[in-house]
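Input sequences plus hints: build the corresponding full structure.
Chains as they are written, first to last, in our numbering: chain F, 114 to 225; chain E, 247 to 602.
Accuracy of the hints is not assured; some may be wrong.
[Claimed, not checked] Under the rule of at most 20 Å between Cα atoms (straight-line distance), these lysine to any residue pairs were calculated in the SDA-like manner:
id, chain 1, residue 1, chain 2, residue 2
1, E, 461, F, 137
2, E, 499, F, 137
3, E, 432, F, 202
4, E, 370, E, 384
5, E, 461, E, 575
6, E, 355, E, 379
[Claimed, not checked] Cβ-Cβ distance ranges computed for the label pairs, FRET-style:
id, chain 1, residue 1, chain 2, residue 2, range
7, F, 150, E, 321, 44 to 52 Å
8, F, 189, E, 505, 31 to 39 Å
9, E, 328, F, 223, 57 to 65 Å
10, E, 302, F, 190, 57 to 65 Å
11, F, 130, E, 383, 22 to 30 Å
12, E, 498, F, 194, 27 to 35 Å
13, E, 505, F, 215, 27 to 35 Å
14, F, 190, E, 458, 40 to 48 Å
What the hints contain is simulated information worked out from the structure, not anything from laboratory work.
Beta carbons are placed, not taken as given, at the ideal position from N, Cα and C, and that holds for glycine.
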Amino acid sequence: MSKGTTIQYKFVEEYSKYPGVRFIRLGPFSGEDFRENVLREVFDTEKVDIAIDATGVVTSFSPSFLDECFGQLAKDYGITEFKNKVFIFSDDNPNLAEKMMYYVERAAHDNS
Amino acid sequence: MKKYDPSVLLLLTTKRERKRLKRLAKFSISRGRSFIKNQQNRAKIVVPAILDLEENRAVFIRLLDQIQNILLKNMSFVIDHRQMKKITKSALLLLTSEIERCTKIMGIKLRAKSKFVPVDFHVKSLLDKIGYWDYFNLNFGSSKLRNDNDNELHLKIVGDTQVSGEKIGCLIEFFENSICFDFQTKEKFSDALMEAAANTVEHAYSENNKIGHIKKWWLTASLNTTINEISFIFYDQGLGILNTLETSQKNIKFKRLVAGWISEGLSKGGLLRKLVTTNLSSYKDERRGNGLISFKTFIDQVQGGELTIHTDDVSYSAIEDKITNHTTSIRGTLIIWNIRPNKESDKCIYIRENKL
Chain F
114 MSKGTTIQYK FVEEYSKYPG VRFIRLGPFS GEDFRENVLR EVFDTEKVDI AIDATGVVTS
174 FSPSFLDECF GQLAKDYGIT EFKNKVFIFS DDNPNLAEKM MYYVERAAHD NS
Chain E
247 MKKYDPSVLL LLTTKRERKR LKRLAKFSIS RGRSFIKNQQ NRAKIVVPAI LDLEENRAVF
307 IRLLDQIQNI LLKNMSFVID HRQMKKITKS ALLLLTSEIE RCTKIMGIKL RAKSKFVPVD
367 FHVKSLLDKI GYWDYFNLNF GSSKLRNDND NELHLKIVGD TQVSGEKIGC LIEFFENSIC
427 FDFQTKEKFS DALMEAAANT VEHAYSENNK IGHIKKWWLT ASLNTTINEI SFIFYDQGLG
487 ILNTLETSQK NIKFKRLVAG WISEGLSKGG LLRKLVTTNL SSYKDERRGN GLISFKTFID
547 QVQGGELTIH TDDVSYSAIE DKITNHTTSI RGTLIIWNIR PNKESDKCIY IRENKL
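This is the structure:
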């Protein structure tokens, strides 16, 4: 995490219990929407990072959500910057961070 | 004078037709006769006794054809359910979707008439529990059928034009409330459904459809507590998986691979099998979903899983590795997952191993 302010973001309370799929045009709470309307600002602001608490999500973070949201940011800003800015965890899904990183690394690899 | 029950059938009619019927009704009632009997232009669709895609597919497809023909002729129609003796959940989902397509496109409002509901107790019960009437906002009053003692719980039919996590979420919650569902299974299950719905919304429908479409997907699910089996069924009325390969995949490597399979002489069924069983991630756009292989992977990882995909006029059963060619098309894609733990005493459904 970067040395600065950490935003504690409760995904279920502040965004949705039901994350969607890839694009805004495909449905609500998409990866594209979360990236552009929540995370982009974090990346555009210096010394701010975000800790996303995804506890309580009813469905799952689908591969297309993770790829479009986090993968695209890793492509845009680089994987090192991404790792400094975004941290995700869930009390009911201990594998979530690992799953997200799979798509982040895949996207970053595509970009290299 | 013959007396007709006014609360009769499931009546489908256009606004213009309804006005005409109203006029006729006044006329007929004044003469002590039913207006219904006087209608020459209204088609009557009699739902056959057995509706089962496996057992009598041709009869079922003929029923869908009948509904579609009426749509194309812009006729009003009545659906008589009284002869029904057996209907599978898949057939019911397809029937619901076809009625919805016709009524949406024609701008028809459905009306409930109790005379034409099924007579058979089990069919009546299934239609009630799966939400067939509720889906069309048809109210027959409180049903005594809810006391039916069978051990199957049903998720009422869900349909949408978008991928709504909430609609998929209600399915997850439905199962979570009834069966032990570890987080890995839940996650795989949710991923598979979300991606299936996303593929449908993004790729399944083309503008060149003579019947017209409403770009929806439909879903239902059930849990049998006796055999501890869950099943979920997903359907869209799109062009079918094999007919959308061209538009859904832009990657040249993927196109070459498919062209190679075709030049090897693979049948449609063989092509479907390849698509379901081959990991295509290195042939497709890297950052797009893995499609059908993810359904297969999910089924391979859970205990007692079965996956059957029907698309157009072919079907493929992944566990039996069996291709079936049919003479009729289901005009869309139907995906059926059944999951049953192997151990009878085990009330949980588990993923065998944790793999991304």
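Hint check results:
1. E/461 x F/137: 17 Å, holds
2. E/499 x F/137: Distance of about 28 Å is beyond 20 Å: violated.
3. E/432 x F/202: It holds: about 17 Å lies between the C-alpha atoms, which stays within 20 Å.
4. E/370 x E/384: 14 Å, holds
5. E/461 x E/575: Distance of about 18 Å is within 20 Å: holds.
6. E/355 x E/379: Between residue 355 of chain E and residue 379 of chain E the Cα gap is close to 13 Å, so the pair holds against 20 Å.
7. F/150 x E/321: 44 to 52 Å: 48 Å, holds
8. F/189 x E/505: 31 to 39 Å: Holds, at about 35 Å.
9. E/328 x F/223: 57 to 65 Å: 59 Å, holds
10. E/302 x F/190: 57 to 65 Å: Given about 58 Å between the Cβ atoms, the range holds.
11. F/130 x E/383: 22 to 30 Å: 27 Å, holds
12. E/498 x F/194: 27 to 35 Å: 32 Å, holds
13. E/505 x F/215: 27 to 35 Å: For residue 215 of chain F against residue 505 of chain E, whose Cβ atoms are near 31 Å apart, the range 27 to 35 Å holds.
14. F/190 x E/458: 40 to 48 Å: Since residue 190 of chain F and residue 458 of chain E have Cβ atoms about 45 Å apart, the given range 40 to 48 Å holds.
Hint compliance for this structure: hint 2 is the single one not met.
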